[in-house]
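Read top to bottom, the protein sequences are chains V and D. Quick note: the first sequence, position 98, residue 98 per this note's numbering, numbers continuous. Quick note: the second sequence, position 238, residue 1238 per this note's numbering, numbers continuous.
Please keep in mind that the hints were generated in silico from the structure rather than gathered at the bench. Keep in mind that the hints are not guaranteed to be accurate.
As the list claims (entries may be wrong) - Among chain D residues calculated to face chain V with C-beta under 8 Å, some are:
1) Leu-1013
2) Arg-1014
3) Phe-1021
4) Thr-1099
5) Leu-1104
6) Ala-1105
7) Thr-1106
8) Lys-1142
9) Arg-1201
10) Gln-1208
11) Gln-1212
12) Asp-1264
Heads up, the beta-carbon is just placed ideally off N, CA and C, and yes, glycines get one too.
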Amino acid sequence: MTTPQPAIQAKGLTKTYKPRGGGPVVEAVKGIDFVVKKGTCTGLLGPNGAGKSTTMKMLMGLTQRSGGTLDIFGHDAAGLSREERTRIALVPQDDNLDPDLTVSENLMVYGMLFGISRAVLKDRVPQILQYMQLTEKADARVNQLSGGMKRRLTIGRALVNDPDLLFLDEPTTGLDPQARVMIWQRILELKKQGKTLLLTTHYMDEAQRLCDHIIMIDHGKVLDEGSPAQLIDKHVKKHVFDVTKPIPLDLPPVDSEDVGDSVLFYVEDGATFRKKLPEDATYLHRPANMEDVFLRLTGRKLRD
Amino acid sequence: MPVLSHSAVPLMLRPALVVFFRQLLCWRTMWRQYLILRLVEPAIFFYGLGAGFAMLIPQIGGFDYKTFLLPGSIAMSLMFGSLIDGSYGAYVRIFMQRTWPSFLATPTRIAHIMAGEMAFIGMRSVLSATMLLLAGMMLGAKVSVLGFILALPVIVLLAITLMAVGYVATGLARSIDDFDFVWAFVLTPMMVFSGALVDLRVYPEPIQWLAQFLPLTHGVAAIRGLLLGTIGPLGVFGHMAALLAILAVCATLAHHLLKQRLTD
Ligand SMILES: Nc1ncnc2c1ncn2[C@@H]1O[C@H](COP(=O)(O)OP(=O)(O)O)[C@@H](O)[C@H]1O
Ligand SMILES: [Mg+2]
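Construct the complete structure from the given sequences, taking the supplied hints into account.
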């Protein structure tokens, strides 16, 4: 049996930034292996500075890798053909829309850079504007848009070439809940169309909802990977009891974590554990989620 | 699947053409301002210097000073327009607005962007040079219009070469303040030692020799020769060959520097 070729395959992928004119060398990615299967949404999660954006930039050929191999559609990511490049798009972490152009000109020029004819774009640009709810802003300049509108335009711009493989670097950071929900819908629709997505986000509910597979990285290394359910099962069990201090004595010996004012107990069987808690204990009982996994794997220490 | 355009432009050049189109779109909102600035500034310069020195220099190489000065003023105005767009302008587009990185996330490569922007500067230079020619003629310079038409390829080549010099500076600049070096070591020496304002032969020989490495020297010599009818085809081709050589060196170096910085 042959397994189908993955969309992305990284082996021992490394990136070291060497600032010219001195300064400390930064090992942003320290030899990571991962696979992104075709037609899935894979989440690349990790705290700030983990190496997520660097990985995305290496995939896009926007920064040179320092070591390892990185293949897209079975070919070296640094040497993709023009035709292969037209099947890929990026939503960068920081918007880099063209401030000298209007909203629709941004889409038009970008589409033309992908080799799409103006005749096709005449129809496609208004469609994308509508899809991203920006029709009213078609003739506005980029600096007249709100942050959320800019983000939507950046995502729309990445759809102009109808890519098979889409990189989304923190697509919803800084957006209001309405905009986030709208973008989630769009991402789920893209998944349904069979597109391959690689997504980074700091919102664990978002990752849990959108991703089939999650790769946790920190300090440039893969910590663990699996489906959201697998990761939750493996690292935090099914239930979380957030018990306010003082902690009642003689609780069963389960996996727990002191987080300051309270202690988190991770348990498989919620009903049994609840019976063991005294009547007067103050606690919160909830299903375990990706946030718990994230904090367990990457620690609670603040990052810059 | 995206439908590729059926134009006759080879696939390799299409992204460059789109970059040209992008520059044109930006310019749509500011061309009046650009043309007025590119006309008024050199015209003041031309009028002030021309009138001022005409008293002191009645004749230079058999021409009145105004006539001698106009081709130099045109070349100098191209220098400011092109070099500044290749340095400050490109720096803003690359590192501040990050327009170039956004283009590089498409099949577009750095060479396409450079080619498209240079082509645009070439076109814009033809417009601003034409306006300045007309202004100069109205102010009393006696130059040949046919010569000017013949000089258009030189004007385009000079503008593109100066843009490439600007790109080299952008490839080296660590911050936008570093372009002060361009003023001190590139713009000012070229203004003074290219023969735009005075006959190059007034300077000592080593300076005359060094001036041959300045693109503006060749631009001035060819444009002035054609506008005044004092140069043969061989002379023009010689200067164009020199410009092409400087262009090749600068464009290659700039491409190398910018590629390094954009894929660091
Ligand atoms: N251009 C750069 N030059 C030097 N260091 C960089 C550069 N870009 C990122 N880094 C460093 O590399 C590490 C990973 O950064 P990044 O990939 O942006 O992380 P993330 O996207 O996961 O927050 C950080 O320590 C960051 O400071
Ligand atoms: Mg990032």
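Do the hints match the structure? See the list:
no. : hint     : result
1   : Leu-1013 : violated, 12 Å
2   : Arg-1014 : holds, 6 Å
3   : Phe-1021 : holds, 7 Å
4   : Thr-1099 : holds, 5 Å
5   : Leu-1104 : holds, 6 Å
6   : Ala-1105 : holds, 5 Å
7   : Thr-1106 : holds, 4 Å
8   : Lys-1142 : violated, 41 Å
9   : Arg-1201 : violated, 43 Å
10  : Gln-1208 : violated, 37 Å
11  : Gln-1212 : violated, 33 Å
12  : Asp-1264 : holds, 6 Å
Hint violations for this structure: numbers 1, 8, 9, 10 and 11, all remaining hints satisfied.
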